[in-house]
Every structure is written in C-alpha cells, then in structure tokens.
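Trainee: First to last, the sequence lines map onto chains A and B. Going by this note's numbering, the residue at position 76 of the first sequence is 76; the numbering climbs one at a time, nothing skipped. Going by this note's numbering, the residue at position 100 of the second sequence is 100; the numbering climbs one at a time, nothing skipped.
FYI, nobody ran anything at the bench for these hints, they're computed from the structure. Please note that the accuracy of each hint is not assured.
[Stated by the list, open to error] In silico lysine-lysine, DSS-like type, Cα no more than 27 Å apart, as pairs:
no., chain 1, residue 1, chain 2, residue 2
1, A, Lys-13, B, Lys-82
2, A, Lys-30, B, Lys-91
3, A, Lys-30, B, Lys-82
4, B, Lys-423, B, Lys-400
5, B, Lys-82, A, Lys-92
6, A, Lys-13, B, Lys-222
7, A, Lys-13, A, Lys-30
8, A, Lys-92, B, Lys-137
9, A, Lys-92, B, Lys-222
10, B, Lys-91, A, Lys-92
11, A, Lys-13, B, Lys-91
12, A, Lys-13, B, Lys-137
[As the list claims (entries may be wrong)] Over 12 Å on every C-beta distance to chain A, these chain B residues come out as not near it, computed from the model:
no., residue
13, Ala-182
14, Gly-211
15, Thr-217
16, Lys-350
17, Asn-365
18, Phe-402
19, Ala-459
20, Leu-485
As the structure is a prediction and not an experimental result, all values here were calculated from the model. Cβ coordinates follow ideal geometry from the N, Cα and C atoms, glycine included.
Each chain is listed here by its residues.
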Amino acid sequence: MSLSLDEVRHIAKLARIELADGEAEATQSKLNGIFGLIEEMQAVNTDGVEPMSHPQELAQRLREDAVTESNRRNTFQNVAPQTEAGLYLVPKVIE
Amino acid sequence: MSRTDWEVVIGLEVHTQLNTRSKIFSGASTAFGAEPNAQACAVDIALPGVLPVLNRGAVERAIRFGLAIGAAVAPKSVFARKNYFYPDLPKGYQISQYELPVVVGGQITLMVPDGKGGHYEKVVNLTRAHLEEDAGKSLHEDFHGMTGIDLNRAGTPLLEIVSEPEMRSSSEAVAYAKALHALVRWIDICDGNMQEGSFRCDANVSVRPRGQTGFGTRREIKNLNSFRFLQQAIDYEAQWQIELIEDGGTVQQATVLFDPDSGETRAMRSKEDAHDYRYFPDPDLLPLVIDADWIARVKGEMPELPGALSARFQSEHGLSAYDAATLTASREVAQFYLDAVAAAGVANAKTCANWVMGELAARLNKAELDIGTSPVSAAQLAGLVARIADNTISNAIAKKIFEALWNKEGESADAIIEAQGLKQVTDTGAIEAIIDEVLAANQKSVDEYRAGKEKAFNALVGQCMKASRGKANPAQVNELLKKKLG
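Isolated chain A (complex conformation) (with noise of 0.2 Å):
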C-alpha cells in the first residue's frame, strides 16, 4: 500500500498541519517508508493470535468514584493566552 500525494494534503489537514510546497512529497515518501514497514510486518503468520490493543498484557486498573481535584483554575489560567470570566478564549469557531 502506498499514499498518494492528496491523501497526504488529506491526512495534513485533518492534522491542522501545513505542508509548503515541497514538503507533501517529502511527507509522502516517509510515510510511504513506513507503509513498506507494516507490509513486511504483515508478512508474519499470526494465525490464532488473538488482537492486541495495547503491548501490556494487564487490564485497565480502576478508580473509585470521588472527588478528589479541587478547583485550581486560577493556577491553569495563568498561562493561558487569554481569559475571560472564567472562560478561556479561543479565536471564533462557529460550525
């Protein structure tokens, strides 16, 4: 398998990542580099190996239900660029 040069202006854009002229060939031959990674991985016999999520076999440990954060917006704030009334603020987005 191998990208071609829109999908990875496709991929770039739903990473908010500009490419610059150039660059979307670059981008494409490393990622295609990677895609030669998995197709030789994909060559292994894995028949009746179950599926992994995640490389640990362990389950997901718990928490009990409380409360235990208590409001330190004061301290998040201040390095935030902007704020107001409590609100953080971003440049306008309307869907």
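Use these hints to put chain B onto chain A, whose structure you have.
Mentor: Just chain B, lined up with the frame of chain A:
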C-alpha cells in the same frame, strides 16, 4: 403523480450522562452549575503529561444498564480515540469506545400509542452501548470577536446507547426514548434531566417505499433534548425526504440540526466534509476487563426491573398491559401503587391502580407535584379504596373525600366520612323514601320515561342522588327506581 406509500425508518443514538460524583477519567466534580472551569482539572483541560484513570462508578453503571436490557456485558472492551479538532475538546480527540464496546445487544419493550386511544406493544433491539467522555461547552456570545470555552462538562461520563433502525414512526421513536429515559432513572444511572442535557437524542431518519427491504439514505438529526422536539424533528424530516424524492431528487447523507422556532431541519454538514475520525485504541488506557464476579455482584444489587414488575402487576393484580406499563413508568409511581395495594389488599388492586393513574395523577399534574411529595399518602388512598370496596361510600363521594384528604381536612377517609356524615345510604327503606319524594316532585320526567324516553330515567336517578346529597347507593337507586316505575 403516482402515490407511493412511504415507510419511515428511525434509529436513535441516545447520550445519557451517568450520575457519578466524579468524571470518567479524572477526580474533578461533575456537579451541575459550577462557575466556568472551576471543575476542569489538569486531565480535563489536557495539560501535557496527564493520564486518564477510569472511574469504577461509570463502568458499574454501564454494567447495570447492560443487565437491565438483557444485553451481553463485554468481558473485555477497549477505549479508542475519536480524533477531531474543536476548541471544546482540548486533547484533539474524544476518548470513546469503537470496535469493542462495553455493552452489546439487548432489547427494550415499549407501549406505543396507536393514535386511536389505544396502545400496542413493540420490542426494539439495541445494537450497543459504550462509555465515553463528554466535551466542554463553547459560548459564542461576543467576547471581542472570540469564543469562550467552559471545560466543566469535559470528561463527564456518558453512556451512548445505540438502537437498531427498528422504529417506523415518530410515535415509536418517542415511546422508545421515553422507555429508555424511564429505565435509566429506574436503575439510577442517570438523573434524566433533559434541560441540563443529561439525556440527549440523535435520530437517524430515512424513508423507503413500503415493502422495500433495503434502507434509504439516512440523515442524522443531532442533539434533540425534548420528546416534543424529537417528534417534530422526525415528522418534518421524513416529510422533507418524501417530498424531495417525489420531486425527483435524491437524499444525500448528512448531519442536520432541528430549529425549534421554525420547526425545520437544516443541513449542518454533508457527507463530503463529514468528520474522518481515524479511531484507534487509546494507548493511555489498557483494556477494560469485567469479570463474572463483578457482574454477579451488580446483578444482586439491581432493583426489580420495570418489565418484571409490570408482568407481576398483570399476573398477580389482574391489571391490563397498559395499566401495568403506566404504573411502572417510574420507581416512585410503582412504589406508591405497591404501598396502596399492600394496605388495601390485592382484591382492590385494580381500584388502587385507577385512582393512582386517574384522580391522583391528574391532581398532581395540575399542582405540578411529584408523586413523592403527594399530599395524599398511599395509606390514605388505600383507606379510601377500602371504603369504596365495602360500599360505605359511592365513587362520587369518594372523589369528595379525596379532595378533602388532598386539602388536609382530615387524617383518613374514615375520619372524613365520620366528620362530614358521608356514609353511603344502603337502607332500602330510606332510599325508597327519597325516591318517592323525587317521583312526586318530578311528574314530568316520570311521564316522559313512561312515554319511552330513556334519558328521563337518568334524570330521575340524578335527582335521587342529589336529594341524598350523593350518599345513596347508585346501584340500589337504579334498581328500586326501575321497580317503582314498573
């Protein structure tokens, strides 16, 4: 123009907010109405280096739901990242479940109004239910041309419940949503508060000529937060699709929004710019393992479910399917009815049911009260029902006594009967005396009746009841009056 008979196909996705104290992946509070961002901790605002840790309470509620609908609770399920960019989702992805959800299958039985005053039963199969986190809120009022972000809701646990596309009318969709709403409150996993967004519906709607087996192209109506809007949005959308097709158009897959002011749906985004979520297993979270012991423990703590209770009301109390369903609409109503029957006796179950669903429900509705705060207690209602059953009072008098109980004019039906002298008159001699008086004073009605006018008889019964101030036994009045008029 040829007239096609169209069938509407509806599937619902319902987001229920789980009523845990803390968030699904952090220890921040989920309480409603806090100051903006006062309940958004480092995990919720996605500061670098933080890790999600799953809330046992959220998982337990998912198990409870799975058991309540007879679904399979997955021994192993996996959290996945759903990737999209939006400022109220600071991580750039929502943690959800994709390929391996926690609940698979199950079904819900509902009573659907048939539009002719009756109801029919319908079983809706569920596809799945999965755990996920809610996003924050964007406030688009003007902050100098910027958008304000409140992340208090970010990380609130949700159970997204997905039905099969098995509903065939907006009435069925509403009946399903109501049954689900009642169930999640019954098993106490969600407060069901629709104004606060604790229970939100997305409806997938398509149409097809009746008889066709394949589905038409669907459009998804997002974020319906009332049963009325759900009904209106589906009706409008289905009609819109039918008209489009009949005019020679084709439906394009799209996400649409419902505008309650205009009653119309409008496209939000088409398939071309639909989100490409690139789901993949979240490396920050290990698989969720639920063992049989845990499921058994949760099962042991479950309340009797509305379906089982409704079946019991039918078999043990002799109620109709509809009455049983109505009385199991909420745990509070069911408990009130059960308490009343316990005091009045199973023989009077039907009368108790009629009073709970009739007079009491109407009065509570008018006063905008919940049954939990009813001024008339289950024991008081049972006392009233017992006096109807043993013929101490007629139904008409019973209504007066109910009113008196409601207004706290007496402690019990017996006390009010005694104090106000409302005991039913069943003495034949006394009733005959009343009838004689009435007949003497209403010669015109007597003549009319004898001339074959049936209505005149009812007028005479009414006069007798009035003369006895409602206390005469109506059945006896009927019988004796008929005898006297020969």
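Trainee: Against each hint, give a clear statement of whether it holds in the structure.
Mentor: Evaluation of the provided hints:
{"no.": "1", "hint": "A:Lys-13 to B:Lys-82", "in the structure": "16 Å, holds"}
{"no.": "2", "hint": "A:Lys-30 to B:Lys-91", "in the structure": "26 Å, holds"}
{"no.": "3", "hint": "A:Lys-30 to B:Lys-82", "in the structure": "25 Å, holds"}
{"no.": "4", "hint": "B:Lys-423 to B:Lys-400", "in the structure": "12 Å, holds"}
{"no.": "5", "hint": "B:Lys-82 to A:Lys-92", "in the structure": "23 Å, holds"}
{"no.": "6", "hint": "A:Lys-13 to B:Lys-222", "in the structure": "25 Å, holds"}
{"no.": "7", "hint": "A:Lys-13 to A:Lys-30", "in the structure": "17 Å, holds"}
{"no.": "8", "hint": "A:Lys-92 to B:Lys-137", "in the structure": "13 Å, holds"}
{"no.": "9", "hint": "A:Lys-92 to B:Lys-222", "in the structure": "22 Å, holds"}
{"no.": "10", "hint": "B:Lys-91 to A:Lys-92", "in the structure": "18 Å, holds"}
{"no.": "11", "hint": "A:Lys-13 to B:Lys-91", "in the structure": "17 Å, holds"}
{"no.": "12", "hint": "A:Lys-13 to B:Lys-137", "in the structure": "24 Å, holds"}
{"no.": "13", "hint": "Ala-182", "in the structure": "24 Å, holds"}
{"no.": "14", "hint": "Gly-211", "in the structure": "38 Å, holds"}
{"no.": "15", "hint": "Thr-217", "in the structure": "22 Å, holds"}
{"no.": "16", "hint": "Lys-350", "in the structure": "43 Å, holds"}
{"no.": "17", "hint": "Asn-365", "in the structure": "35 Å, holds"}
{"no.": "18", "hint": "Phe-402", "in the structure": "43 Å, holds"}
{"no.": "19", "hint": "Ala-459", "in the structure": "67 Å, holds"}
{"no.": "20", "hint": "Leu-485", "in the structure": "74 Å, holds"}
The structure is consistent with each of the numbered hints, conforming to all of them.
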